[in-house]
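Asker: First to last, the protein sequences are chains C and E. Mapping the first sequence onto my numbering, position 184 (from 1) lands on 189, and the numbers just tick up by one. Mapping the second sequence onto my numbering, position 95 (from 1) lands on 100, and the numbers just tick up by one.
Since the hints were made in silico from the structure, they are not lab data. Be a bit skeptical, because a hint or two may be false.
Repeated chains share a single entry, so a pair holds when one copy, or any two copies, can fit it.
As the list claims (entries may be wrong) - List of simulated lysine-lysine pairs, BS3-like, C-alpha gap at most 30 Å:
#1 LYS110 with LYS304
#2 LYS38 with LYS292
#3 LYS143 with LYS38
#4 LYS282 with LYS13
#5 LYS143 with LYS242
Number of protein chains: 2
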Amino acid sequence: MNEQAGIKPYVIGLDLGGTNSVFGIVDARGDIKATTAIKTGSYDNVEDYVNASVDALQVIIDQVGGIDKIKAMGIGAPNGNYYNGTIEFAPNLAWAHDGIVPLAKLFSDALGVPVALTNDANAAALGEMVYGVARGMKNFIVITLGTGVGSGIVVNGQLLYGHDGFAGELGHVTMVRGAEGRICGCGRTGCLETYCSATGVARTAREMLAKTSRPSLLRDIKPEDITSLDVSIAAGKGDELAKEIYEFTGKMLGEACADFAAFSSPEAFIFFGGMVKAGDLIMEPIKRAYNEHVMPIFKGKAQFLVSGLDGASAAVLGASAIGWEIQ
Amino acid sequence: MNEQAGIKPYVIGLDLGGTNSVFGIVDARGDIKATTAIKTGSYDNVEDYVNASVDALQVIIDQVGGIDKIKAMGIGAPNGNYYNGTIEFAPNLAWAHDGIVPLAKLFSDALGVPVALTNDANAAALGEMVYGVARGMKNFIVITLGTGVGSGIVVNGQLLYGHDGFAGELGHVTMVRGAEGRICGCGRTGCLETYCSATGVARTAREMLAKTSRPSLLRDIKPEDITSLDVSIAAGKGDELAKEIYEFTGKMLGEACADFAAFSSPEAFIFFGGMVKAGDLIMEPIKRAYNEHVMPIFKGKAQFLVSGLDGASAAVLGASAIGWEIQ
């Protein structure tokens with residue numbers, strides 16, 4: 006980070022979501038100096054999207070002293086490929102759902118600064134390493150619990166991209182083999198994501214409610230309307246069934262982490278995303294199942310942490326961290 | 006590798022097994038210039054073991070022109086910790102089964118050259134990268150199929166050691182969850198190793214023979230005497246039950262590799278060890294199950310290879326590769 010040099014003290018971070026694209030100009034300490042946003046879905050082709058982005062960015066770039074103050078830009082985006090700077094077949098992006106879009110190059114050409122891009126979970130992992138609870142760590146795994154389950158794996162101080170740029174899809178390890186496994190959006194069955202994402206938790210709630218006639222606050226909600234937030238609220242009020250749903254979810258996450266330890270033996274597992282707000286309700290069963298299932302040699306070695314980044318700005322900070330990584 | 010410099014053209018490789026310790030002096034091309042061996046189990050304490058090793062080594066060191074020709078020494082050993090140069094609680098080594106032995110330092114002090122140490126599967130992976138089928142690859146996984154199932158994971162051209170030096174224990178990911186899982190030597194149940202090691206294959210044979218009354222050449226052998234080699238020979242003769250045992254084993258390996266792809270998205274999976282001699286009998290079901298179970302994004306990207314190193318010398322070559330890595 007070259008803040009000391011005083012020349013280019015900022016990077017642009019872009020948190021590119023299916024609905025909103027949020028831009029921030031960030032300094033080396035992780036202070037967001039200016040932000041702006043556009044609607045991702047309002048553009049049919051990527052040229053229009055980039056033009057609108059640059060128009061919005063120009064205002065905040067001027068606020069911080071002009072493009073000469075900007076070292077680089079980092080983008081966290083669904084289906085982002087770091088090696089190629091592309092977004093590839095992203096189902097939720099109108100201008101990238103059926104092809105390969107060279108988004109890093111388009112922004113770099115338009116702004117005249119280097120641009121790097123990766124997927125949102127990798128951006129979250131870099132964000133934790135640069136600004137968050139993983140500062141100083143060289144081996145850790147960030148698991149994002151949101152609509153899906155994503156992951157960013159850091160090994161020897163570097164993000165693990167693998168041969169093709171798509172490593173770190175831990176939401177899609179198989180947890181339930183055979184015909185019993187839940188159907189996953191990836192076209193397979195039994196993936197971790199189908200149980201431990203927000204939608205997976207809601208599904209567990211519906212299954213548990215249907216299977217028994219036990220009383221629960223969740224019975225006041227139409228089954229198809231139940232969300233993981235409802236489960237969290239009910240559990241917070243002491244609802245036993247809701248607590249069991251978190252037990253089930255955390256147990257599966259803990260068992261998955263035990264397998265991940267056999268792979269990369271991280272110093273910490275860091276959980277990120279909306280579901281983490283459930284706190285000990287989810288973290289305690291994770292830790293318990295991990296300690297029950299991990300190889301003895303790894304027992305007690307890994308920390309289980311919750312992201313230290315402010316939820317609203319975490320994704321932009323993570324994206325900006327990609328920018329700092331550019332040499 | 007500094008062969009061109011002409012000064013120190015060799016490294017010593019030590020393949021340290023429970024029974025034998027095999028030493029080789031190896032050049033940068035992977036040619037073994039001289040070898041010697043001692044019985045690992047003949048020594049009660051590590052000082053005697055190192056003294057006997059150095060005595061044996063002295064003869065072959067002199068053969069290649071003296072210790073000045075030796076750049077370094079690499080050791081592949083069970084429970085080897087690369088970070089500390091130690092062997093830790095290795096159940097099959099009399100002088101290291103209940104403690105932490107600083108073997109790299111002991112050899113370095115005795116020989117006056119730098120010494121590095123890692124576990125045998127990591128050594129195999131480095132051997133493939135330096136001398137074998139993984140030359141030029143930066144992301145691959147070596148899976149050793151022997152008495153146990155081991156692994157060496159290479160990421161960004163580096164061995165994955167993790168926070169504590171013990172990463173890459175893929176023989177101990179859980180493949181069968183719950184009460185049905187086979188008991189593993191690591192104290193847990195359902196580990197990949199309990200199904201896909203040589204002993205796991207023999208166990209599958211006994212289970213399949215007991216479960217049905219189908220004819221099989223394996224019925225000519227006392228169940229408790231069946232080995233994976235017997236299964237391989239029977240399958241080679243067209244025995245249907247034996248072929249099914251390999252189908253079952255390969256299917257589980259292929260499903261496990263599909264999960265490993267979600268982790269590090271390697272360019273290749275490389276199989277190593279006695280069981281690989283079964284050839285297509287084991288490799289075909291692995292590939293088939295992998296392609297059925299891997300995430301669509303990874304499909305068709307990874308190669309499935311068999312170690313190209315000569316079996317007798319592979320372990321020594323792998324160990325010597327650790328020596329070349331020392332800066």
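Asker: Provide an ascending list of the numbers of those earlier hints which the structure does not satisfy.
Answerer: 2, 4 and 5
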